[in-house]
Amino acid sequence: MDILPILSTLRRHKITALLIVLEIALTCAIVCNAVFLITQRLHRMDMPSGVAMHELVQVQVATIGAQPDSRARTQEDLAALQRIPGVESVTLTNQLPFTNSSWNSSIELSPTQTQPTLNATLYRGEHLLQTLGARLVAGRHFSADEYMYYEDVQRDPTAVPRSSLIVIITQGLAQRLWPGESALGKTIYLGDRVPLRVVGVVAGLIRPSLSNGDNTAQWSMVLPLRMSLGTGGNYVLRTKPAERQRVIKAAIAALKKLDPKRVITQQRTLDDARAQFFQSDRAMTGLLLGVIIALLLVTGLGIVGLASFWVAQRRRTIGVRRALGATRADILRYFQTENFLLATIGIVLGMVLAYGINLLLMQHYELPRLPWMYFPAGAIALWLIGQLAVLGPALRAAHVPPVVATRTV
Amino acid sequence: MFGYYLDLALRSLKRNKVLTALMVVAVALGIGASMTALTVLHVLSGDPVPGRSGHLYYPQIDPRDMDGYQPGGEPPDQVSWIDGMNLLNAHRADQQALMTGGAVPIQPTRANLDPFFAQARYTTADFFPMFGVPFEYGSAWNADADERHAHIAVISRTLNDKLFGGRDSVGQTIRANDADLRIVGVVDDWRPDPHFYDLYQGTYAENEDVFVPLSTSTDLKLPHIGSTDCWGQTPPGSDGLKQAPCTWLQFWVELDSPAKAAAYKTFLTHYSQEQKTLGRFLRPPGVRLRNVMQWLDFNKVVPGDVRLQTWLAFGFLLVCLVNTVGLMLAKFLRRGGEIGVRRALGASRRAVFEQLLIEAGMVGLAGGIGGLLLALLGLWLVRRQPADYAKLAHLDPVMLLVTFALAIGATLLAGLLPAWRACRIAPALQLKGN
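Protein sequences appear in the order of chains A and B.
According to our numbering, the residues represented by the first sequence are 1 to 409, in order.
According to our numbering, the residues represented by the second sequence are 1 to 434, in order.
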C-alpha cells in the first residue's frame, strides 16, 4: 500500500485529521491512567491483613452507668462466649483490623532520641494473636503470667514489672526498624520512653486505620495487656466461616442474658468490616471502569462519524479509482491504512500525555510511576478500536460502484 | 432572522439524524459526567455556616514538651482541658466555646425502646448563639448553667421525634448514664456540612443528638469520643483527662473584625509565653488562628477521590467536545454547496457564521437537557453510595444554571471553528464544482 497518496489527501483535510488525532491522544492518555488507577485500587483492596479474615466476628458492647467488678464480669462474658458451640477462641481487645479507629504510639530506638522514629499501632488483648490467627514467624507468644490488666498499667505505669515490658511486633515493623537484622531481643522505646523488649515477630497484623499511609499498613505491635469491660467492650470471636452469622446471634443472646441493660454497638464479620473499609475504592473502581467504557465508545463512534463523512465526500474519487482498476480490497485497505496512520500519531501523542498526567497524579495522589507495559497495551487497544470503528464506513466505500465516476452529483 | 435560522438549523439537524444524535449524545455524556462530579465537589467544599464563617476562628497553641519539636511546626489541632478553660475564662473574644464529642447512653422510659447511644456534644453556652443554631422549642442554656454544672440538655429534632413524638419536650427529662437531664431546648433542622467544629466525628458527619454542658459531662463521666493526643507523663492520681498532658477539646471563638482577630492572635502568643515562663509550656509559642474556610482548607476536607473524579469528568468532557468539533466540522463542510449558494445569493459571511453557530447552540441545548438528565441519574447513583457525604449530593438551582451554561457555552465553543471554516468557503468554487 502506498502511503503517499493517503498523506496528500490528509493534508487537504488537516483540521479534521488533527481532531481525530487529538481525540485518540486524549482518550489514550486518560484510559491508560484510568486503567492504572483501577489496578492500584484492586491491589489496595487485596492488601494482606495477617489475620484469619474469614473466621472472625466482632461483637461490641457498651454498658450504661457505673460498672463495679468489671473484671469478674469480663471473665463471665468470656466464659459464656467460649461456651457457644462452634466458637474456637474469644478475647476482648482494644481494636480490630479495618475498623478505622486505632490506638497509636510513637516509637523511638534510643531513650535519648528527641525525634520519634515512627508511629505505630498498639494492639491489646489476652491471647489476641492466637484468636486473630496471626502467624508467629520468630520468637514466642506471651505466657499467661506476663499479662497485666491495662487499667492497672494506665493507673500506675511505673508499677509494671520488667518481665512484662515486652512486645510482639510485625515483620513489616521489624524490617523498618532494623533492616536485615533479627528483631528478637532488641528494645524499642514507646511514647514517653517506656522500654519494651521484642520477644516475638508475626508475619502480619494490619493497622485498624490506614490514615498514616498505605506503606505503614503493617506497623503494628501487641502488648501483654489484658482488657476488661472497664476500658471498652470489643469482643472478637473465631469460628468456622459458615458458622459466623449463627455465632454472632448466639454471642449477642449470651451477652444480653448476662446483662440486659447493655447496648450492642457493633455486630459484624471481619469480612464485612473489610468490605466497608474499602467501599470508596470499590466505588472508584466502578466509576473509572464506567468512564473508560464511555470514553472508548465516544471515540469509536466519533471515528465512525468522521469516516462516514469522508467516505461520502470521496464517493466520486472512489468511483474514479474503481473505474481505473482499483479493487474493492484496495479501497478497503486505503481507509484502514488511513485510520491506522491517524491512530498511530494519536497514540504517540497520547503516550506523552499519559506520562504527563501520571507525573501530575504522582505529585498529588502518591501514585507510583506508570509501568511501561501500559504503553504497548494502550496502543494495541486504540489501534483495535480505530480499525473496528473504520470497518463499517470502509466497507461502504469499498462497495461504491465504478459507475459513480461517470455521474455528476 | 433568529427564527429563520432556528428553522434552518432544525432542518439541517433533521437531515442527518445519526450524526446529530452522535453529537447530542457526546455532549450529553460529557456534560452529565462533569456536572455530577462538579455538583459533588460544590456540595463538599461549601461553606458550613454561611454569613458567619468569616468571623469564626479556631485558635491553636502548642503546649507539648520538646520531644519531636521542629521550629515552625504545626501546633496540635485541639487543646487540653487546662488551656481550654484558661482561654475560655479569659473572655478575650466576642464569643467563645470549648467543646468535645461523645456518646450519651440514653435509657428511654418508654418500655418499647431499648437503651441506645446518642451522638453528643459537650460544650459551653456560647456554642449555640455563636454558630447560629436554630431552635424549634425552648432555647440554649446560659453561662450560668455552665457554672452550676446544671443537669440539663438540648436535644435534636430527630431525638425529640424518637423520644417524644415531636411534641414540645422542654421541661421533660431524659435519663442518660443513670442521671436525669432536663431538656431546655430542641434544635431545629441544623446540619453544617462539613462538620467543621469537630472533624474527628467524620468530615460530613450527621449532627449530634444531645448537647450537654461540658462541666456536667465531666461530672457524670459521660463517654468521650474523638481524638485524644497525649505526650509526656500523666501525673499519678489525676482525674481522667483533666490534668493529663493531652489535647482532646476544640475551642472556637467569634471575632467580628480583622483587628480583633489580630489582637486575639497576639493574646495567644502572650498566653503561650506566659505559660512558658510558668514552666507549663516548654516550646516557643506556636500559634495559629484560622477561620472556618481556612481551617477546612488546611485539613483538606474534600476527599482526594472527589477531586480526582472531577478531573476525570472534565477530561471526558474534553474528549466529547473534540469529538463534537470533528463531527460538526464534517457536517458544516459537507454543506459547502448550500453555503456557497447562499453566499452567492448575497448572504454575508457573518450571516452564515451566525446561522451555523445557532445550529451548534441547538446541539448544545439538546445536549444540556440530556446532560441534566444524566447528571440527575449520576447524582442518584452517588447518593446510593455508602460514603457519609453521599446523601448531600443534590443539584441546586445554581448548579442547574451552570449545567446549561456549560453545555451551551461548550458547544458554541466547539462550533466556532467549524462555523468559521464553513463561512470562509468561496462561493464561486462551490458553484463551479456543482
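Please note that the accuracy of each hint is not assured.
[To be verified] Here are a few chain B residues that sit away from chain A, every Cβ distance over 12 Å (derived from the structure):
(1) 25
(2) 106
(3) 157
(4) 170
(5) 231
(6) 258
(7) 260
(8) 308
(9) 378
(10) 387
[What the hints assert, rightly or not] Rough simulated footprint, nothing fancy, chain B against chain A, three-plus residues with beta-carbon under 8 Å:
(11) 11-21
(12) 309-321
Treat the hints as calculated values from the structure; they're not laboratory data.
From the three backbone atoms N, C-alpha and C, an ideal C-beta is built for every residue, glycine too.
How the hints compare with the structure:
1. Residue 25 (chain B), annotated as away from the interface, has a beta carbon of chain A within 12 Å; the closest lies near 8 Å.
2. Listed as outside the interface, residue 106 (chain B) is inconsistent with that label: its C-beta sits roughly 9 Å from the nearest C-beta of chain A, within the 12 Å cut-off.
3. Its beta-carbon lying about 23 Å from the closest one in chain A, residue 157 (chain B) satisfies the requirement of being farther than 12 Å from that chain.
4. Even its closest Cβ contact with chain A, about 25 Å, leaves residue 170 (chain B) beyond 12 Å, as expected for a residue assigned away from the interface.
5. Its closest Cβ contact with chain A, about 7 Å, brings residue 231 (chain B) to no more than 12 Å, contrary to its assignment away from the interface.
6. With 12 Å as the threshold on Cβ separation, the claim that residue 258 (chain B) sits away from chain A holds: the shortest Cβ distance comes to roughly 32 Å.
7. Remark: the non-interface label on residue 260 (chain B) is consistent with the geometry, its nearest Cβ contact in chain A lying 35 Å away (cut-off 12 Å).
8. A Cβ of chain A approaches the Cβ of residue 308 (chain B) within 12 Å, the least distance being about 7 Å, so the stated non-interface status is violated.
9. Some Cβ of chain A comes within 12 Å of the Cβ of residue 378 (chain B); the nearest lies about 10 Å off, and the non-interface call is violated.
10. Separation of residue 387 (chain B) from chain A is inadequate, the least Cβ-Cβ distance of about 6 Å not exceeding the 12 Å criterion.
11. Under a criterion of three residues with beta carbons nearer than 8 Å to beta carbons of chain B, the stated coverage of the stretch 11-21 of chain A is upheld, 4 such residues being counted.
12. A count of 4 residues in the stretch 309-321 of chain A with a Cβ less than 8 Å from any Cβ of chain B is obtained; the coverage claim is therefore met, three being the minimum.
Figure legend: structure checked against the earlier numbered hints; hints not met, in rising order: 1, 2, 5, 8, 9, 10.
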